[in-house]
Amino acid sequence: MARDADFAVPPNAAVAAEALPRRHRRFSLAPYALILPVAAAVVVILGYPIYKLVRISFERYGLFELIQHQGHWIGLDNYRSVLSDQVFWDTVVRTVIFTAANVALTIVLGTLIALLLTKISRWVRILLMTGLVLVWSMPVVVAVQVFYWMTNFENGVLNYLAAELHLVGSNHDWYATPTSSLAMVTLLIVWGALPFVAISVYAALAQVPHELVEAARVDGAGALRVFRDVTFPVLKPILLILTSLSIIWDFGVFAQPYLLIGSSHIDQTNYLMGVYVFIKGYADHDFGRGAAISLLMLVMVAAMSVVYVRQMVRAGNVR
Amino acid sequence: MIGAALLVAVLAVAASTASGATKRSAASITVWLQVDAQSGWPGVVAAANAAFQKQHPGVTVNVQYQNWGTHLGKFDATLAGGNTPDVIEMGNTEMTKYMAAGAFQDLTSAKSSFDNSGSWLEGLAASGRYNGKLYGVPYYAGSRVVTYRTDQYKAAGIKSAPKSLAQFTADAARLSKKYGKQGYSPVYIAGTDWYVAMGFVYDFGGKIATQVSGKWKGTLESPKAIAGLTAYKNFYLAASKASKTTDENRPTPYSVYAEGNAGSIVGPGWFTCCVGDKYKGSTAQFVMPSHEAGKAMPGFLGGSDLAVPIGGNKQLGADWIAAFTSTSSEKALQAAGNIPNSTNLLNTAKVGERAALRSWFVPAAKNWVNVENGNILRTMLSSILTGKLTVKQAAATADNNIEYTLNAS
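From first to last, the protein sequence lines stand for chains U and W. Mapped onto our numbering, the consecutive letters of the first sequence carry residue numbers 1 to 319. Mapped onto our numbering, the consecutive letters of the second sequence carry residue numbers 1 to 409.
Honestly, I wouldn't trust all of these hints.
[Unchecked claim] Chain W side only, calculated, beta carbon under 10 Å to chain U, not exhaustive:
1. Leu79
2. Ala101
3. Ala103
4. Ile226
5. Lys241
6. Ala242
7. Thr245
8. Thr246
9. Pro251
10. Glu259
11. Glu372
12. Thr405
13. Ser409
[To be verified] Below 25 Å or equal to it, Euclidean Cα-Cα: the simulated DMTMM-like pairs (lysine to aspartate or glutamate) are:
14. W:Lys215 - W:Glu403
15. W:Lys278 - U:Glu154
16. W:Lys207 - W:Glu353
17. W:Lys388 - U:Asp90
18. W:Lys366 - W:Asp106
19. W:Lys207 - W:Asp151
20. W:Lys233 - U:Glu154
21. W:Lys280 - W:Asp36
22. W:Lys366 - U:Asp85
23. W:Lys366 - U:Asp173
24. W:Lys278 - W:Asp151
25. W:Lys388 - W:Glu372
26. W:Lys181 - U:Glu214
27. W:Lys217 - U:Asp85
28. W:Lys233 - U:Asp173
29. W:Lys217 - W:Glu122
30. W:Lys74 - U:Glu154
31. W:Lys207 - W:Glu372
32. W:Lys215 - U:Glu65
Rather than coming from a laboratory, the hints here were simulated on the basis of the structure. Backbone N, C-alpha and C define an ideal beta-carbon position, used for all residues, glycine too.
Full structure from sequences and hints, please.
Quick look at the structure:
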């Protein structure tokens, strides 16, 4: 955050730099030499693969080309074919809705849990925190398997409970429709993402000045009013960061939908972007098209992030 | 994003190792087999290695076991990186795409060195041929049969294995009447098990797709295929209480059977492996009956081929394959419950091998695997069974998607 940046350069250093003759500063190569290793590492680790990815997106690069180690330049054909594919646009719309639902649920529920944490006794809080950390530390693949068992058609505990409570006559298929299976994925993702949001927001809540809350109370503000006018402004920067991170994660999510829905049920009615790019690029061996799709995804995520990054910077400046 | 990262990773590996492609010592060969060999017939592998080493003293054989789910991804990475194995086992539905892309070496000249190459099972041999050349040597096959509970059939008053589909349906009703608690399937079939469902299509004379002057055409809308799909729907609704949208991997039919929730299951002959100790003594198999009385329903002929990838040592690879598919090896594979690769070794006294006599196979199109990856047939079956679409509508949608996928460049 901007506040940290202010502390990064001690005031004395700034003054000292100011005092030096300008000529001396201009000829100093030391700072550039110092960042050179980092710059080189970034170029090698990130720059080259991205260059390669961009190049392949302009090539016909299938299994044949993979074996020949030689792509075939086709200009914008990959992009043209992706952008004119109805499945791509359906997937984009589905993913946007899916992301919006997941992020909204994660942030709202996470904030509510954080608020709850401030209201409960120490022991209950420790218990709840431990539970949250356990959820956070569970590997995705394990979590998927547990969710799959719970929602299993024949022996799942969910169907068992529903039958015991006489809610359903026979076993209910939780993966029968795309909406239903994506809802199961949402449940899993939100469950897994809650701890991070709850704990971050709980930490931020410690910064809410007690005097302000009390003053607002004395002036007759109710709980909602206090949250809106006192707590929320303090939380805003951290909520913006959490929201933008969640958007980036949820938009490209792969492991949860692919594993929970299962590779035998992934089809064009339930593709999310992460799964779609995997099927088109890898399973179908169309690496060129896959590269084009992932670059389009990159542009979309970047566009979504810009709004938040800008607001984040602005919020930082105000404070 | 993950996709992008993976893509970058594989291609980076490709770029960095491409230069060292052809360097390899002739003192060893690398063989990729599926784990089935490791768990089912390790002795056959050891015997083949010994026979091979007698022919090539000093050459070590490095057998690496792979999983069906991940072996193609790994193989792709080695194709990109240039460190391909010398021999690879491929599923017969996986062959065409890789042959078309030029991933394997032409073994036509070595054909006579393989035992029984004149009498290979045609269904299996076809999967290893492309443009008249031999790329894949048949390894073994597996047919599909009905595995059933003899005690339940007897108690329900069923005296002999059904001779027709109508008879089987009536038997299912009897089982249902006797054991019909919630969740019990007289014949458990996962709703989207397309291996079973397409058997009905082929039984009624239908096909998945055909090639008309170079172009693939989906043929599930043909009256014969529609009749088959309708028969599948009716049989499924009468006999199976499985989820209409699930597949045969989650749960596996044999685990439903082992839990006592199925009177019979349809699938590969090796399903008897895992029916549970409780039912081991009361389990037997019969051939899935056709709608025409007295005939067998065509079953999917699964199987494996062995190929020498480009970059591998062709001479040593072919010699190892010859040792591994020798008559004595194939007889040992047969003893382990598989179907040997040659008609002269078949023993029709065995249920599974009798079933192999009437079989079907997927269209030999280079993009066929993409139809499987896109789950086109599974989607069709679940929309038929759930009633979301009529048989005709679902078949038409599937035909469109199949044509689009198979004719893509």
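Going down the list of hints, with the structure as the test:
no. : hint                : verdict
1   : Leu79               : 5 Å, holds
2   : Ala101              : 4 Å, holds
3   : Ala103              : 6 Å, holds
4   : Ile226              : 22 Å, violated
5   : Lys241              : 8 Å, holds
6   : Ala242              : 8 Å, holds
7   : Thr245              : 5 Å, holds
8   : Thr246              : 6 Å, holds
9   : Pro251              : 6 Å, holds
10  : Glu259              : 8 Å, holds
11  : Glu372              : 9 Å, holds
12  : Thr405              : 8 Å, holds
13  : Ser409              : 8 Å, holds
14  : W:Lys215 - W:Glu403 : 8 Å, holds
15  : W:Lys278 - U:Glu154 : 20 Å, holds
16  : W:Lys207 - W:Glu353 : 23 Å, holds
17  : W:Lys388 - U:Asp90  : 20 Å, holds
18  : W:Lys366 - W:Asp106 : 17 Å, holds
19  : W:Lys207 - W:Asp151 : 37 Å, violated
20  : W:Lys233 - U:Glu154 : 21 Å, holds
21  : W:Lys280 - W:Asp36  : 21 Å, holds
22  : W:Lys366 - U:Asp85  : 22 Å, holds
23  : W:Lys366 - U:Asp173 : 35 Å, violated
24  : W:Lys278 - W:Asp151 : 12 Å, holds
25  : W:Lys388 - W:Glu372 : 21 Å, holds
26  : W:Lys181 - U:Glu214 : 63 Å, violated
27  : W:Lys217 - U:Asp85  : 21 Å, holds
28  : W:Lys233 - U:Asp173 : 18 Å, holds
29  : W:Lys217 - W:Glu122 : 24 Å, holds
30  : W:Lys74 - U:Glu154  : 34 Å, violated
31  : W:Lys207 - W:Glu372 : 16 Å, holds
32  : W:Lys215 - U:Glu65  : 23 Å, holds
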